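Novice: This is what each chain is made of:
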Amino acid sequence: MLRVRLHGRGGQGIKTASQILGSAAFLAGHQAQDFPLYGAERRGAPIVAFARIDDAPILERGPIAIPDLLLIGDDTLLEDPQVAPACGADEWTTIFINTEQEALKLKDRLSLPGLPVVCSLGPLTRKHLGDPRILSVSLAAAGGRLSGRVSLDHLNEAIDIELGALGLDRQTLKKNQDLAAEVFAALSPAVFEERQEKPLVAGQLKVLEQQEVAQAAPLITATGNMQERKTGNWRVQHPVIDYGECNNCLICYARCPEGVIAADAEGKPVIDYDHCKGCLICAQECPRHAIRTLWERESHEQR
Amino acid sequence: MTLHSGEHKKIHDLHPEEAIAPGSALCAGCGGLEGIRLALKELGENVLIANAAGCFTLLSVFPFTPFKGSWLYTTMAAPVPAAQGVRDALDIRREAGRLAEEDDFQVMVVAGDGSSADMGLAPTSAAIHRHLDFLYFCYDNEAYGNTGFQLSGASPYGSATQTAPATAGHPAGAELGKKDLFEIWKAQNPPYIATVSPREPIDLSNKFARARGMKGARLFLCLSPCPTGWGFDPKETHTIAKLAVDTGIFPLKEYIDGQVVHTRVPKKRVPVENYLERQKRFRHLFEPTRQDEVIARIQQGVDSYWAHYE
Ligand SMILES: Cc1ncc(C[n+]2csc(CCOP(=O)(O)OP(=O)(O)O)c2C)c(N)n1
Ligand code: SF4
Ligand code: SF4
Ligand code: SF4
Ligand SMILES: [Mg+2]
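Quick mapping for you: the protein sequence lines, in order, are chains U and G.
Numbering of the first sequence is given in the working numbering, commencing with residue 1 and proceeding in unit increments.
Numbering of the second sequence is given in the working numbering, commencing with residue 304 and proceeding in unit increments.
Chain G extracted, bound-state conformation (with noise of 0.2 Å):
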């Protein structure tokens, strides 16, 4: 497939092809299975993804694939040494002449929140500090989800999940807050980092469109509504996904010469209980009793980020 050039404006802009054929296992009306397509619909074919166990390992079940290019499943914390092994034999092949360039291709890490910001993190964080080249696609459904939703490191305060469920000690859920994976690269300084929503997808592919011809580790942050896992009607994929951007719970931004910008700024942020109360894993914040505090803290630390902005 020939990919596009120049800017994004409207949905028939998108890539016709699909590059991943459908039949997979993924949940129906998986968002992060929404990132993925969209985002290989503006990579093309030339992409070997490497895939840390979690549910986007289900793509691709011996003896079927839906890619069109290589896949390899990694363990949870070593996508991107397995990566990067690929991305040396390749340079090595091509720096021998046996490897034409255009036979060349991208490496790109497949992996969820659990791996990502979690398990695999200290080796991402030495492959940025070595300038290794590779895309990191991190669909976050905020848990272990693979493994029937487990608290992560990117579960957000206030969520239930299956190892942090709402208790009469714990009223909240979780507790702890989200880790900021996008902070955390930061700190690097990578060549580019970007937030993407699957409901926003000129944003989504103008942002990959940019990324694809730098060199160096470059990072997509895909919140992924999880039907399963969140607890809400699959057809609500794109609902909660939209609601993640327009409460500023989500902010779409890149992270490029060193400067963070926002691609999509709500104008007036829709209060978080809008997104919290479609979910069950924030049903406990409502039922059987209101749970305001919670609520309250969840609002100012979105209102806090946006202060640094306004």
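Just chain U, same shape as in the assembly (with noise of 0.2 Å):
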């Protein structure tokens, strides 16, 4: 079985990438499954999806921890510790990363267990389809081509599936097609070795006791403990406000939806970066354009 787990962000289509890859997988005649996995978490919250392609039926379920293909469509993800999106590759795990930077940087920086496969799907994607972001056909054909287990004609077909299942017309199927086979020559089929399997080993079973009402049910008697949780990690773009141009008029601030924008001791606007989403509502309203916006990856070179 071909084990594949998906990363991405909320709005880039990282579930559909893994329908057109197990439609595709389906209609070369393999048994297949593909979902995906999300909170309530929404656009620019982090998010996996699956899918396991096998030519015998498949009868496992559930999350995949340990992957053969990994995806991993957004590289500002593979810093986060709350996502690790590397988690659980081993030796027999093929690593594809959607970016920019360099294989055995990576492979060092992030101590992964092997080399990955690098390329980088924004410029095609901004190519053919206007918009570097939307992975769903770009990453599905990564996938598709690194599997060894579907042509592009049968990913052309899941294409037409999925996508005509959204509402797409045929000119911009086509462009998705055109898409995917620019990705599909880009690549070639990766080699899978067979998995040695470690055995399962069942741990020691723990006894839940009753609890007290006051312990048992979802009662929250913090206030605010909310920004323990770092939502910095969903922006994809970065406002960066120009402080030579900002007449601290607070616009920012009034129209910031996190309220993550604060004035400081002289009046000026501050963003709290742990918190900020990367909406760029504050860059858009900013009347004197003093925000700038940078691709995450730009802003963490120059940090």
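Keep in mind the hints are simulated off the structure, nothing from the lab.
Cut-off 30 Å, straight-line C-alpha distance, at most; resulting in silico cross-link-like pairs (DSSO-like, lysine-lysine):
{"no.": "1", "chain 1": "G", "residue 1": "Lys556", "chain 2": "G", "residue 2": "Lys482"}
{"no.": "2", "chain 1": "G", "residue 1": "Lys371", "chain 2": "U", "residue 2": "Lys268"}
{"no.": "3", "chain 1": "G", "residue 1": "Lys583", "chain 2": "U", "residue 2": "Lys15"}
{"no.": "4", "chain 1": "G", "residue 1": "Lys545", "chain 2": "U", "residue 2": "Lys268"}
{"no.": "5", "chain 1": "U", "residue 1": "Lys174", "chain 2": "G", "residue 2": "Lys583"}
{"no.": "6", "chain 1": "G", "residue 1": "Lys312", "chain 2": "U", "residue 2": "Lys268"}
{"no.": "7", "chain 1": "G", "residue 1": "Lys481", "chain 2": "G", "residue 2": "Lys556"}
{"no.": "8", "chain 1": "G", "residue 1": "Lys556", "chain 2": "G", "residue 2": "Lys583"}
{"no.": "9", "chain 1": "U", "residue 1": "Lys127", "chain 2": "U", "residue 2": "Lys174"}
{"no.": "10", "chain 1": "G", "residue 1": "Lys583", "chain 2": "U", "residue 2": "Lys175"}
{"no.": "11", "chain 1": "U", "residue 1": "Lys268", "chain 2": "G", "residue 2": "Lys313"}
{"no.": "12", "chain 1": "U", "residue 1": "Lys230", "chain 2": "G", "residue 2": "Lys371"}
{"no.": "13", "chain 1": "U", "residue 1": "Lys127", "chain 2": "G", "residue 2": "Lys583"}
Derived coverage of chain U by chain G (criterion: at least 3 residues anywhere in the stretch with Cβ under 8 Å from a Cβ of chain G; other residues may be distant):
{"no.": "14", "segment": "43-52"}
{"no.": "15", "segment": "219-232"}
{"no.": "16", "segment": "245-251"}
{"no.": "17", "segment": "259-268"}
{"no.": "18", "segment": "273-282"}
Pulled from the structure, derived: some chain G residues nowhere near chain U, Cβ distances all over 10 Å:
{"no.": "19", "residue": "Leu393"}
{"no.": "20", "residue": "His432"}
{"no.": "21", "residue": "His434"}
{"no.": "22", "residue": "Asp436"}
{"no.": "23", "residue": "Lys489"}
{"no.": "24", "residue": "Ala490"}
{"no.": "25", "residue": "Asp506"}
{"no.": "26", "residue": "Tyr558"}
{"no.": "27", "residue": "Arg567"}
{"no.": "28", "residue": "Phe589"}
{"no.": "29", "residue": "Tyr608"}
Bear in mind that the values here come from a model prediction, so they are computed numbers and not experimental data.
All C-beta atoms in this analysis are idealised placements derived from N, C-alpha and C, irrespective of residue type, glycine included.
With the hints as a guide, bring the two chains together.
Specialist: Following this line, the structure appears as structure tokens:
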């Protein structure tokens, strides 16, 4: 069985990528399974999706802890401890990363078990679809090609089915298929060696004791502790205030839905990057155009 | 936090403290979040929120809360009965001398349009009828957002939703008009009703400041641009909110002492097209073929609304 795990952010089409991959495998005559896993989080928040491909009926269910093929659609997730996209990857795992960074540097910096396959899908995606962030087709095509289990025809048919169901017109479907062809041609199938499975060992059974209602019920007695959750990792783009241009009008502060812009002692607006979700409303609304936007990666490099 | 008194005139009059901590799971650029953020800046911490199931129940996810005050999760149809239960309990304690005046708080229902205009409407009507005492903040994203954007009683004519998409047989998408919750409430003559926009923080704050000291059922209808469901880039939230006001689609007004007063009147109304064409849920009105009759009917609805007041 080929177990595939896909990582990205809500809004990038990660779920759709898993569906296209699953459908293509099915059309190629395999058994296939695909499904996303996300909590209550929305656009911008990390999400994960899965696919299983096999020739025998697939009886396994649930999330994939140890993937054979890992497709990481967004390299800003790599160093995020809450997501840890490379978690569970071992020497049998083929790791694909959509990035401009070098494979060897990434392997060393992130202590990956093997050299990842890297390819920057953004420019290709932008060329065909006009937006570098929509990964549904490019990531599915990368996965399909690396898997060695599907042909370009199967992939195109799956694109028709899955994106057609979302109401895309013929012309847009064609653009997506051109994109798929280009990604397909840019990669070659990976070699998947038989994984040596470690036997499962049962742990000690824990017996849960009945608790008093005050402890057992979902009561929250802290105030404002939501800020423990750092939504800064949702950001794909990064607002930067140019204080030379800013006149402290605080319109950005008034308009930020997250309430993460505050005035400092001198009345200057300051962004809390631990929580800013990167909606870019502040940049859009600033009357003096004093807020620039950087891709998150550029801002990492500048730091 | 000490609350402001007096009229707000500029951004610097907004309360500097945030009553909602960041970190929630709502989408980036959520217009409704901006609305409730501004509302709570004005109401302060002494508010208990009774929240009907919907997107905003993601504000508080165990074991985390963004609020300094209390929050109660209710079923979609029952935020008002829940608010009333809390109010009753507080009143009983007040009467028995077991709750000091300064420890008392306001109870505010927070509910989406699906809850407010559909499932929760009957108990709300009963509560207004019985002169019960609560604030009501409805963030109106014009569909059942949390479950994937299905048609609600507040979805406007001509919009596409998951359950009423534009099809060959139904080219307009939603064929029914939007329920007018303002008028439905007004028919029962509560002490205060207002429409508010996240794009108009001063107007919004002054409305909350006015209603804060009143008693009885007080409604705030907040048109809440929803990047995810409406289909626009999150950075455009305020652009869309502004166009809703400037086209006259969303009139800013309040009902007080039996009178409707418009608090912002667009001098020259922008054509509705400018609002519609920026959103994916209306894209079928422009592509592949332009549906002039549908657009004209939406424009006409707006014009005839304002004709009453001009
Ligand atoms: C009785 C009932 N039916 C269905 C649901 C599932 N449900 C949860 S949230 C939601 C959508 C609520 O829509 P709305 O009130 O407009 O709030 P929004 O999600 O748009 O914020 C639905 C249908 C429910 N919780 N209870
Ligand atoms: S809106 Fe622009 S000019 Fe005004 S305070 Fe913010 S950054 Fe400065
Ligand atoms: S991008 Fe700007 S408006 Fe959006 S969350 Fe960040 S600081 Fe707030
Ligand atoms: S779906 Fe819309 S209303 Fe719901 S959290 Fe997202 S932006 Fe806000
Ligand atoms: Mg709704």
